[in-house]
Amino acid sequence: MDYSQFLYMPQELGLLVVFLLVFLFDTFAPRRCQSSLPVLTVVLFGIFTVCNYFMMVRGTAFSGMYESTAATFVMKAILNVGVLIVFIQSIKWANSEAMAVRRGEFYELLLLTVFGMYLMISSRHFLLFVIGLETASLPLAALVAFHKKRYESHEAAAKYMFTAIFSSAIFLMGLSFVYGLFGSLYFSDIAYQVVNNTSAMLVVAIAFVIAGIGFKLSLVPFHLWTADVYQGAPTPVTSYLSVISKGAAAFAFMVLLVQVFGAAYSKVWEWMLYAIIILTITLGNLFAIRQRNIKRFLAFSSISQAGYIMLGVIGANEIGLASLMYYVLVYIVSNLAAFGVAFAIEQQSGKVSIDDYNGLYKTNPWLSFTMMLAMFSLGGIPPFAGFFSKFFIFLGALECGEVSIYILVLIALINTIISLYYYLLVVKAMFISPDECSIPNFRSSCGERVALTVCALGIILVGIASCIYTFLVETAQDGTTMFGLLN
Amino acid sequence: MELSYTVLVLIIPVFMFLFLGIVGVKLSKKAAGLLGTTAMGITTVIAYAAALTYFFGADQGQVVDGVRQQLTVLDITWLEFTKNLVIKIGVLLDPISAMMLIVISTVSFMVHLYSLGYMDGEKGFQRYYAFLSLFTFSMLGLVLATNIFQMYIFWELVGVSSYLLIGFYYTLPAAVSASKKAFIVTRFADLGFLVGILILSFYTDTFDFITLTSNPQAAISTAGGATFLGCSVMTWALTLIFMGGAGKSAMFPLHIWLPDAMEGPTPVSALIHAATMVVAGVYLVARMFPVYAVDATALDIITVVGAFTAFYAAAVACVQSDIKRVLAFSTISQIAFMITSLGVASPELHHGVGYMASMFHLFTHAMFKALLFLCAGAIIHAVHSNEMSAMGGLRKYMPICHIAFLIGCLAISGIPPFAGFFSKDEILAAAYANSPLWGVWLSVVAGMTAFYMFRLYYKIFWWNNPDYGHHTPHEAPMTMTFPLIFLGLVSIVAGFIPFGEFVTWNREEYIIHLDWTIAGTSIVIALIGIGLATVMYRKENDIPERLANQFRGLWTAAYHRFYMDELYQFITHKIIFARISKPIAWFDRRIIDGTMDLLANVTNSASFAVRRMQSGSVQTYVWFYIVGAVAVAAITIICLI
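Which chain is which? The protein sequence lines are A and B, in order. Heads up: the first sequence begins at 615 in the numbering used here, then just goes up one per residue. Heads up: the second sequence begins at 4 in the numbering used here, then just goes up one per residue.
Just chain A, with the same shape it has in the complex (with noise of 0.2 Å):
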């Protein structure tokens, strides 16, 4: 074996460099220097987050199997950069007293299921990917129920898990659909063969795959589990699962639909997705509406979030990809600055309805603020960066140029309508409503202050800075073979 081939993956090493170093700290340090491992962790994957910016490599491994292009190392590079917020806003929590024994596992499994979304994104090869998807998904379950004694989250934990099982069985069955068609795994083999192919097989394979991503993306309507485990789990791990794993999913799902099955006659999937992403973005706007729990609400403006996501994917170009990237690094700063806010409040007075909010302003005016910023940013208002990221995915959308997109868009801009009524109630909850804060003022720790001044700081400016866009879709055209069967 040549094990040189394993420099193309140094993302992957270098995270397993900081898993193995915090996992051997965890194991190791004598009991009263556990309290530092928070610290220790977020420093180590600072340092990784930083040092990914020199280790850009290109090439492919294990005979095809694995790949590294420019594009790939910077979805990993934005997945970071979220898993870092996560990690700083979790220091004080990971540190109670309730977690003394368990704040290692915390970051040990959370490490690792990013090392599975690595595997999947860079994967070229449908067991690759799967060995990715499980290493993603499994060690969420734990995180889940990671609250043992409160029974929500046990509950959460086994809705999340038996979705889980099963939409990795439909998955697979898929899989094994596309291999009885094709004989073999590989995506460059599948995708030469799918030209041809008019069989109805195919069409449920992708039925199928779409349906075992979808999962992960909480598309309508594999969505169902998303509310009751965002509200049961712990909010750090809520956060994660909402952002983290499904930016790593969107970009899997990219690779996988573009890359694979990309010259399906018909663009089979194209039909697919275009009714998932308006059941997706409507169905999640009607739920959200008539959520008061904070988590609920999010839980549920994520999912049409997603739907807004995957309107880069059905653009299938260079700036659908750019504009997926960066739709996904604005989410990620958006909601994260939302769930630390919600966080921060109910670590503080353990109040998690919007009613609660009332008045905040009074209150903690700086929470209030930032969490305004979030909820500006998500519903998609200028000049803020959602406003540039929903702008950019409708751009990708329309760049194909054909009415049925052109109707999927308006419908979408329809939607951001309703979005833009229920995120703005969390802001007239805060600002308008007269009632007295049931909420007093507090001080958040210093992480989470940190984590939430980074993410304004986002919001503020990723959308001003041009630059990042512009690289962005330098990245997507840096040729990658990704759309060399479209054209």
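Keep in mind that a hint or two might mislead.
As the list claims (entries may be wrong) - Derived pair list, reagent style DSSO-like, types lysine-lysine, alpha-carbon separation capped at 27 Å: (1) Lys-976(A) / Lys-126(B); (2) Lys-976(A) / Lys-29(B); (3) Lys-965(A) / Lys-762(A); (4) Lys-126(B) / Lys-183(B); (5) Lys-976(A) / Lys-965(A); (6) Lys-706(A) / Lys-762(A).
Don't read these hints as lab results, they were simulated from the structure.
Following the hints, position chain B against chain A.
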């Protein structure tokens, strides 16, 4: 590029704005003021260094074959729509932007300094300096813009800072309504500007000034002779862009905001509403001049608007009683001179001297009008009133201010050797070269200028003083008199600058030679104006009263500014609000809102109806899951077969 340090003139003020805006309240008033002024001083030094290097520095490519080059010393791509249509943020140095650097930084620094004394003890002193920094930043960004879109961004920023500063005394209802009026009127004009930009960039596929102006013929021909309502689209675009300029530069009929803008602090009036912001329209036309020059229709519109405004404003200025309003109308009139001068300039006539004259007058006018406003500020500071009736005999109490004001009056009237004489003479020469009609017209207005300025001068400094009560007026503090002395000296010598060597329409050198027939006539006309004013206003007498009674109707109309404000009031309230807005509002309330409410209700009930899907039982979830997956496959198969 060596001149790239020019960008500091933008960075320092915007940093000062943020700093004073955020932590200003924590500083003492004195510290905030000194900090703002020091920062402005540094900015001024850098601006001078950049401008002087550009004009005189060792050749860094500024001059090629006798033509001064346009240097883009900073260029950042901000948004890329297509390969050609790109929005950039940059810094452009060329003769007019370098000249504006000097004008803006000089006046702004003087006003910063002056305000230390004038605004002493005011509430919100720190806020005032923060806004001044914002304005300086926006104005410098406007003149240094490399493309029309960047200019538009800074153009709006200038409008915002003007709004903030006019409404600085936000507890006074008059100041609040004046700031709103200024913002709405200029914003309305900017609508035209924006539409013009969009049309222009749609047809020429570029925002860039250099691309537009280096080959205007090509830019225009890409429009391919498209027409709209009988005019070519290019004429429309250029006229609409000029509409934006007319709004900022207070050209008739969009001038109505400027007199009211005098509600702001007087140093602000000197900086924004006399020297810098109001000439943005002139600057805009000058910036785009090569494009305008190939479109005769657009130039004619500019000439007519300018000439009419010059006369109209001068007529109104002759009868106003508020010292700042006289100066405001005089500003409108003088800017109209510059606009007309651009309108009559054409490359074939007299080496396009109108362009040079317009820029020259912009330069000198900025100096002496800022001087006049700052003097007015010192006077108002001394007598606590804007009305001329509260003044009189002040030459005994305020000698420095008196001399400075006299210099300003002589300069604006066009008496040699003061600055205004030289620049106004060039404008008249350009006007006569174009057509005797405009020449005579502007000469008459020049005479009126001399008349109303000396009317003002005599009434303030010579008439018998009213009862000043306990406090006799006294000379202003040093921070206020120094700017007066400095600007007074500049107003004396600025005319001797060989301006044609620096700024011409084709950026080649042009030697100014005075045409003594025109110069002589204009001196005589100015002297007649002054003489008339001396006869009527040297001392209190009943000549003005008798004349006013003789022409009662005319006098009243002029005093009420020919009822322009009332006309606007009538059009907006009686016609637009009552006849158009009300029915629309009804339609909006009943039909549109009704439909929206209906939709919202439908959405709400739909959201209620779907709730059953989220039952909480994991069996249902799986059920939905598998049905969903199969349905997706089935529907696709059915659709495809």
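How the hints compare with the structure:
1. Lys-976(A) / Lys-126(B): At roughly 26 Å apart (the allowed maximum being 27 Å), Lys-126(B) and Lys-976(A) satisfy the hint.
2. Lys-976(A) / Lys-29(B): 22 Å, holds
3. Lys-965(A) / Lys-762(A): 20 Å, holds
4. Lys-126(B) / Lys-183(B): 21 Å, holds
5. Lys-976(A) / Lys-965(A): 17 Å, holds
6. Lys-706(A) / Lys-762(A): 19 Å, holds
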